[in-house]
Every structure is written in C-alpha cells, then in structure tokens.
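Q: Protein sequence lines, in the order shown, are assigned to chains A and B. If you're matching positions, the first sequence starts at 1 in our numbering and goes up one per residue. If you're matching positions, the second sequence starts at 236 in our numbering and goes up one per residue.
These are computed hints drawn from the structure, not numbers from a lab. Each hint should be verified, as a subset may be incorrect.
One-sided and incomplete, this derived list gives chain B residues near chain A with beta-carbon spacing under 10 Å [what the hints assert, rightly or not]:
no.	residue
1	Tyr246
2	Leu286
3	Tyr321
4	Phe332
Each residue gets a CB set at the ideal place from its N, CA and C atoms; glycine is no exception.
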Amino acid sequence: MGAIYTRELKSYFTTPIGYIFLAVFFAVTGFCFSYTTILQAESSSVSAYFLFMIFILAIMLPILTMKLFSDDRRSKTEQLLLTSPVGLPGMVMAKYLAALTIYACALGVSSVYFFILGSFGTPPTAIIIGNIIALLFLGAAFIAIGSFMSSLTESQLIAAISSMLVILLIVITSVVSNSIPNTFIRTILNWFSVINRMSTFAAGQINLGSLIYFASFTFMFLFLTVRVYEKRRWS
Amino acid sequence: MIEIKNLVKNYGDKQAVRGITFDVKEGEIMGFLGPNGAGKSTTLNILTGYLSATSGTAVVDGIDIFDNPIEAKKRIGFLPELPPLYLDMTVKEYLNFVYSLKKCKFPKAQHLKEICDVVKIGDVYDRMIKNLSKGYRQRVGIAQALIGNPKVLVFDEPTIGLDPKQIIEIRNLIRTLGKEHTIILSTHILPEVQQICDRIVVINKGKIVANEKTEDLILAVEGSRKLMAKIVGPEAEVLKALKSVAGIKFCEALGKRDMDSISYMIESEENVDIRKPLFATLSRNGWPLIGLEGMELNLEDIFIRLVDKQTEKKKSDSKLLGKVVK
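So that you can see chain B by itself, here it is in the shape it has in the complex (with noise of 0.2 Å):
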C-alpha cells in the first residue's frame, strides 16, 4: 500500500532523511518510532507530499505522490504534529470545509454524522475549535483526516500533550480505525507502539536501525533483561551470592529504597529466565525476596542497543571482506 524507497531529504546542508526504505501492507497499522529530530516528521511530510524529497521515491497505492501528487493526496488522511485546525472555525464549518476541499463524493451529512461518532466530537460539533480543549483539537485532528475515508491514514504523534486517559482514548480509536484503514503512526514513545502497531520501523539520525514485527523487536531487544530485586540482607553477601547465579551477567545494588531492604539491579544473560534460581539462592541463604519487578527498557536503551547491534553487524561484515571499519 505504501512503498517508500531510497528516500533522502537535504535542508541545506543538513541531512534530515539519509536513504530510508520500508514498505506498508494493506491494512497494516506502522508503528514510526525515533527520537525527537530523527526525521519522523519529515518522511511523513515527504509522504503526504508537504515536503519534496531531495531523492527517492514514495508511492501510496500504487500512485507516486511526485508524479501525481493529487491523485495520491486523495488516498491519504494526514493528522500533522500540529493539527491544522483553523481556530475561527466552528467545528461544523471546519469538517465541511475539508469535505468540500478534498471533493468528496459521500452523502456528506451522513459521512460527517459517522465520523463525529467515530471519533466522539458530536457533543462540541456547533463550539469555536478555538475553545476547545486539547484533547478535542486532536479528535477534530483526526476527523478531519478521516474524511473521504481515505485508504492510507498518516497521524504524526497523534497523543502528545494529551492527558493519560486521552492518550488511552486515542490509542483505542486508532486501533479501531486500523481495521479498515493501512495506518502509519509516529511517536516516540515505546509503549504506545507496542499496544497498537503490527510492525514497527525505528528510524535514528535519518536512517533506518530496525523494521520488524513489533514482538520480534521486543524480543530482539529484550534478549537480555533487567530485573529490580528487593532483599533483605546484608548487602556484600548479597552481592557476592548474586554473582555466583548461573544466568546472571551483571548486578548492582542501587541503595536502600525502603526500611530495611536494600534493591539490586540484576541482568541476565540472552534468552534466560533467572527469576527461579533468584528465588533458590536467596531462600537457601534465608534472605527474604520482597519485590521483583521487571525493568521496562525505554527509548534509549533501544536505540543504543539497536545501533550497537548494527555497528557490531557492520564489524563482522567487514572482517569478512577484509574491510576496515572506523
């Protein structure tokens, strides 16, 4: 549905986009994940065909949005960081507005009525969008890419500065829309593509570091995982008991955080569970295990791993070919 190839974006001297290539089946729900300036924004821009691209190409069923650029804006719903809201507008004049403006044929009283539904904006349809909160800006946001039900739907991270139960509330609706639309979805925050996405794409300084299914990714990068364990006990002996788990690559104690139990940061090897020898080794020694919970990996923890791990690829390609790396 969406085909992306070789796509490279200069401001200046500056290289926004270095050569990226992915693709996006049918019905897919993409999940877009970098850090903030990695270039999330502007492949999307380029897609949505805001933005030319210095070089490559970009096609949206089967359309190249350089060739024919209207054509190709039919097929695709746009919710840009900023939703491009005029603020005074009604929300009723602003969805007719974009009807008329994307030429719509539905029956547009009733195509309006199902996307107001859709995304639940019904109960602020006659209010100024100036005098709307946030949350609503954002569904008004997404209403309006909605219209036309186009094919490909394109939202730049659609929950940010929204409040925790907005953000639930978003994420469901995109969920929802994924059934019947091929969506892509930009964000920097790990969690939300993990709950929604089929595939993600992980993109750093411009290029690409990862495009899987979002289980092998967190499997791939959760290969070795971090627990936070509470014990009481004294702390050395702890340690020292600690290391000697077979499974065990590398622990710490990260100081007292309660009365009288001291927590430990501990990591296990790739691919093994240590929760059971945790628990035998410390009951054998009579040190009370009080709290285990597993430490979720975040953004950065990702990249450098992904990154390590291209780096590290990148090595053992070159000593095959007899290559030197820097």
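The following block holds chain A by itself, in its conformation from the complex (with noise of 0.2 Å):
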C-alpha cells in the first residue's frame, strides 16, 4: 500500500498534471479570495470566498483524480496491481489518499492568503479555521467521487467530465430544491445539499453532523470504487 501511495504522489510531478493542477488551483483561489475579500468586499466576511470555494473544487478535483485508476487501466498495468500482494481496499485507498495528500498541501498553501487579511483588519480565525476543515473534508468528498468515476472508465477526459457533472449534480441540488414546492422531497434534497451543509460552516459552527456527512459520502464511494474491481474481476 506504502509503495503504491509513493508512486501515485510521485507521478503527479513526473507527469506535468501536479504541476498544472497546483498553479491553476492557486491562481483561481487567488483572484477568487482577493477579488471577494480586498478588492470589492467591505466587510471582513470571507462567506463569499468560501461559497466559491465550493464550485472551485467542483471544477478542479477531477482533475486530480481523473486518472487514477483510468490510466493503469488503459495501459493495463493495473494487471501488476491485482496481481501483487495487495489487497483491493489498500490499492484504492493508497490511491486515494495520494490524490488527498496532493489537495490537502494545495488547500493549507492556499490557507496562507488569510495572513494578509490581518494587514487590513481582524479576520474572524474561528470561522476561517472551521471552514478550511470543512473544505478538507469537503474536497475529501469529492476526490472519493472523482476516484470512483475514474475506476469506471479508461479515458482520463471522460473520467474527469463525467466527475466533474456528478459533483455539479450534488452541488447544486439545494439550488434546485428550493423551486421544489413538495415539502417532504425538498426536505430530503435539502438534507443531501452541500451548500446548506456548507452555510453553517460559514457562520462560524464547526457541524460534526455535517463532517459526518462528508466523510460517509467519502466512504460510500470508496467503497464503490473498491466493488467496481471486484465485480470486474468476477463478470
């Protein structure tokens, strides 16, 4: 599991897609944070960066995980994998985390923009530092998404649209819900939806329900990815 974690982490730099996926992650979190907090925000809220924050990653993880699985698949070497001595949970987790690993050390750089608010007033630490766990966990969500479309098909583009369109569909289910004018099925979506789990971040609670929520999503998905080898093997 060690050996497949290290080659993972090591490829996205041997490969130019670390490379590209760090600049572009900073660049776009950069104009996002100074274009709602310095530039037109005129209070000290970051709520507006945090909900963009939301989109951004929808948008950006698949391209951490796009071809995580899709690629040993396409160059078959995934046939090394499944038939060293390790076991199917261990393989997709190494994978997993090293896409983790890759998002977490991008989302703490990025962390460091809060510093410069402290040279325009008094940034709220308590809601920065709740938020930045719930991103973490969050993006957790997603990388699980963008790991199991991945294991579903052997093209990396299609890995990564068809990521990108699954996250999007569960982020915007509360946009949705709201135009819903059943109670009980706007109840459900409102359960499901990110953004309103998200909100209470923004106003400063640290939601364990919410943490809960994203980190079954995460295994949910591993779990799949994990069944969608399984059943390959056996069909």
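Put the complex together from the two separate chains, hints included.
A: Laid out in structure tokens, this is it:
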C-alpha cells in the first residue's frame, strides 16, 4: 500500500498534471480570494470566498482524480497491482490518499492568504479555521467521487468530465430544491445539499453532523470503487 | 506446485474457459499452447488472481488463490501479455516500486542487481521506460516478475513482437530460469514450446485437447510425416511410381519450383520411414532426387489432428456404450 501511495504521489510530478493542478488552483483561488475579500467586500466577511470554493473544488478536483484508476486500466499496469500481494481496499485507499495529499497540501498553502487579511483588519479566525476543515472534508468527498468515476472508464477525459458533472449535480441540489413545491422532497434534497451543509460553517459553527455526512460520502464512494474492481474480476 | 481443477470462466454468455484441469510439478516448464482466443490468457489471469473463475479451483504451492489470494500471489511472478510498465518511470524507479509493492525481504540493492544481471538490463537501468525498445521493455517485464524470487513464474506470450535475435535470447533466459523456478509459458508458436518446455498442454476453444510430455506430443502428432521432395523426371510417371511405394499414404505434385525439378508432397504411413524406399524407387528409374526436406507441422495441423483424434476417441467410446454422438 505504501508503495502505491508513494508512486501515485510521485507520478503527479513526473507528469505535468500535478504542476498544472497546483498552478491553476493557486491562480483561481488567489484571484477569487482577492476579489471576494480585498477588492470587493467592504466587510471582513470571508463567507463569499468559501462559497466560491465549493464550485472551484467541483471543477478542479476531478483533474486530480481523473487518471487515478483509468490510466492504470488503459496501460494494463493494473494487472501488476492486482496480481501483487496487496488487497483491493489497500490499493484503492493508497491511490485515494495520494490525491487527497496533493489537495490537502494545496489547501494548506492557500490558507496563507488569510494572513494577508490581518494587515487590513481582524479576520474572523474561528470561522476561517472551521471553514478550512469543512473544505478539507468536502474535498475528500469530491475526490472519492472522482476516484469512483475514474475507476469506471479507461479514458481520463471521460473520467474528468463525468466527475465534474456528478459533483456539480450534488452541489446544485440546493439550488434546485428551493424551487420544488413538495416539502417532503425539498427536505430530503436539502439534507443532501452541500451548500446548506457548508453554510453552517460560514456562520462559524463546526457542525459535526456535516463532517460525518462528508466522511460517509467519502466512505461510500471508496467502497463503490472497490466494488467496481470486484465486479470486473467476476464478470 | 500448481493445480488447476475444473476451471470455468464465463464472460456473460460466452464461455472462455470450459472446465480446464491440469497440474504442473515443481521445477517443470510447462508450455501452454493454443490459438488466439483459446482461453490461454484467461486461464493465466485466473491463476495469478487477476480474474476470478466462475467455478473451479486454482492452487499454487498448496495455497488456494481464491481463499488466500495475498499469500498465493506472493508465490507467483507474472508477466502479462502486455508488460505492466509505468512508462513515466525509469527502470530503476520501476523495479524499486515493484520491490516494495511485493514487500520483499531480500537485501534490496543486491537482489535488484542480480535480477538485472540475469535479464541483462543493466545498461538501461537509469533510462525512462518509455524510451526503451520493445525487447528491453519485455525484459523489464520479466525482471518485474522475478522480483521477490517467486517459486512460480507465469509468462503470457513472452516472445510476441520481438525480433528473431531477441526471441532466442528470451527463450534462453526462460530456459535458465527453469532451473530454479516452476514456469508456465503460454504461446501460440510451436517450435518455442518444443525447445523450452518439458510438458505441453494444448488448449482450444476453452478446452484441453492434449496434455503430454513434449516428445510424446510431437510423436503423437507427427505419427505420419510429410516430406517435400524435389525430383527431376516426368511428372505423371513419377507420381505413379511414388504411389506404388509401400508406406506412402498420399502424394501429390506441388508444381515446378525451379528450372528442371518438380516438387512433390509425400505423406507416409504412421511410424514408417519412407526415405530409403523412396530413394531406391527413384534411383531404379533413373530420376535424380535433388532435394528432400521434412515439412514441419504447424499449429493448425496439430489442432486439426488433436481435435480429430479426440472426436474419433469419443466415437469409439460411444460405440462401446451404445450412445450416438452427433
């Protein structure tokens, strides 16, 4: 498992994909940050930035996950991984963690932005920390979705686009749900809504329920990824 | 060392492997022969744990690959049809990766160096795999299989796509490895198994059609031999004379292949050497024999024969039992 993790991590930087991801991530988040806080906003609120981040992650994280499983499948290197003495969950976990590590590093570095705010006023530290933790969990869930989509196809492009679609679909449920007249359905959709769940963090609360929600999302998609491999072995 | 019993694999409606049973003893090199699409790769993929079987068992060194895959996989080195190489790594990085993937306990530097010496990839050790030629990639694939010194080596068509010199090198390499490992080698090239293997299992359409020692199989299928003779003389008369020779089952003129001689294909009865009577007959008539060579059986011929033999056997069996076989 350690071997696969290290290899995946390195492979982000032996191919341009890691550099491209990090460059675009910092450019987009940096622009978004300065636009929503320093340039536009007159209050010390950072909630707009974190709202934008949901959409940025929805578009960016599939780039990180697209090659995770599809590339091994296309180049047949999965035959090496699957015939080596490593269990399926271990293999899936190793690859997932490699992508998560890159994301966590990127998120960590982008947190430096908030120190800049200090020179303009007093930033709401608690809200910022809470939101960064929430973003970490949210990103972990998105990466799990991306991993799952990547395990379904040989094509990186299809993996990336389908992951974006699925993630965006989950993100916009709240937008859709508000226009549904049936209260029952609306309540269910709202419960699933990522934006609603994130907004509690924007208010400065660390909502354990939401963190568990994201974690179980992650677990479910990783489990499904393992199942995809099981199914392919048997069919 | 390897026991496969009643292995069945269905892909949807299609049966790729239909109840294969064979075993390989320790230290044996077994040739797994069959035409394309016979189910060779599927069987090997099941044996190495890449695929699951619909039913049946596969046991490696006493360990069932389905019950205890991780322990069984530790005992197998596998070179799939397409070597599973990460093109964006150097040979060194790749072998190091496989080393830790297989959780080896040997002293690393020494173990990798030994393997590189055996497969002769020392001179490309620091190069990117994507820049290597097909022959070298194949060797890196073999090196990968050797890491951890597994008892069983499984090679799926290891010489496909290589040039003749590389083929000979890889074959020699496999023969050397056979001294210390149990090897299954799949191929569709007959001379390859003839040269390397102790035993041959022939598979066609997912079923085993023969499982014999190499010499026995060759004898079995070469029971009647084909010769090609170049004879100078009038065609009709030569043919007539040839047909009168005892031991010749069948002969025909293949046509003029050079200036004055005509080529004939001669098939003898089983286990009869007709070369001497053939020469005697020709010299009696004063027709010079200017060329004589054995025609090698190709894989298709072997299959036709093996399959024919099987159906004949079935028919005779069923006669005894009074059943009718269509």
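Q: Which constraints among the numbered hints does this structure fail? Numbers only, ascending.
A: none
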